[in-house]
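**Student:** What follows is the residue order along each chain.
2 protein chains.
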Amino acid sequence: MPQGKPAYVPDDGLTTRQRRNRPLLVVHTGAGKGKSTAAFGLATRGWAQGWDIGVFQFVKSAKWRIGEEKALRVLGESGEGGRVTWNKMGEGWSWIQRPGTEADHAADAAEGWEQIKRDLAAETYRLYVLDEFTYPIKWGWIDVADVVQTLRDRPGAQHVIITGRDAHPDLLDAADLVTEMTKIRHPMDTGQKGQRGIEW
Amino acid sequence: MPQGKPAYVPDDGLTTRQRRNRPLLVVHTGAGKGKSTAAFGLATRGWAQGWDIGVFQFVKSAKWRIGEEKALRVLGESGEGGRVTWNKMGEGWSWIQRPGTEADHAADAAEGWEQIKRDLAAETYRLYVLDEFTYPIKWGWIDVADVVQTLRDRPGAQHVIITGRDAHPDLLDAADLVTEMTKIRHPMDTGQKGQRGIEW
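Protein chains in written order, with this note's numbering: chain A, 1068 to 1267; chain B, 1068 to 1267.
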């Protein structure tokens, strides 16, 4: 954990408070576990500050996020923090089981991104989780240059967290904070399958 | 994310279901961000399954976990999942600002560990988050051999997640799942200090 002491103080004309509160683009990538769980953990912190949270779930089948979705729904409805909106891009389609054609998935993903652009322009949320968003970029369904420019030019103080393996290099370049989750050991290696409460 | 296909099926006499539901020891280590946020994300998944969650907060000052503590309190009180108990080992003492002497901290940490041992023996919780637990081990305040043996011999189906940098090699050897969070880029590098809703 950072000790609160920056490596240097930049000559950017900002006060410490202004610099401290700059909106962040955060990327969680790598082959290890924890990319999405850490993103939802950040969303929880933001919720606790009273921030409105927008989750945009790309790619994964509905099963994989039932725990997070339930928790964020309960939190959002509690009235003790911000509101939470959970958006499923393409209603639970998955790279594991693929109903529909690839063209359908590409169109769903592209429409999901257009919704995010509208919300960013309208400053609908204070914190966005774009879960598994690296994949539609990787597959060429969403243009990375459009993503980078849109995020760079977004108004206000909107934090954006993007998760997924194989993040595009241009996305990494644009990010303020990048963590790579590296797999050291996984129960799958010793023949254990995923289990409820841990994997979803 | 694992695709649900184990690398091989071990000859351990367990059914797939038994193997699938084996309790896990999970370690999140490394210098990058996301170790604790991912642990609290896992706790949220477990809560959604109706599991009772025990959080044991070591080392960090109280400020750093206010978001997670609030969220887990609201979830635990909602009646829609498991119950949540948040235990502060040494009531908010910190490696940043150290009130008290090192001997006090060591004694607090050791007593915290004894409480965990009692709870494991009683199967008080289904999932334990031992947040920043690597540090009292590193500092010699808690004996790693005792930790490894206690966790190896714990009864029932209790999952344990341990977070913190510099995890002891014996702890890594004992773990079922290890993820290293690697820092690729952090706003601190460009002079930005931690901010509310992101760092705590």
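Careful, some of the hints might be misleading.
[What the hints assert, rightly or not] Computed cross-link-like contacts, DSSO-like style, restricted to lysine-lysine with a CA-CA straight-line distance of at most 30 angstroms:
1. B:Lys-1155 x A:Lys-1137
2. A:Lys-1137 x A:Lys-1250
3. A:Lys-1155 x B:Lys-1137
Since the hints were made in silico from the structure, they are not lab data.
**Student:** Take the hints in turn and mark each one as holding or not.
**Tutor:** For each hint, the structure was consulted:
{"no.": "1", "hint": "B:Lys-1155 x A:Lys-1137", "result": "holds (26 angstroms)"}
{"no.": "2", "hint": "A:Lys-1137 x A:Lys-1250", "result": "holds (27 angstroms)"}
{"no.": "3", "hint": "A:Lys-1155 x B:Lys-1137", "result": "holds (26 angstroms)"}
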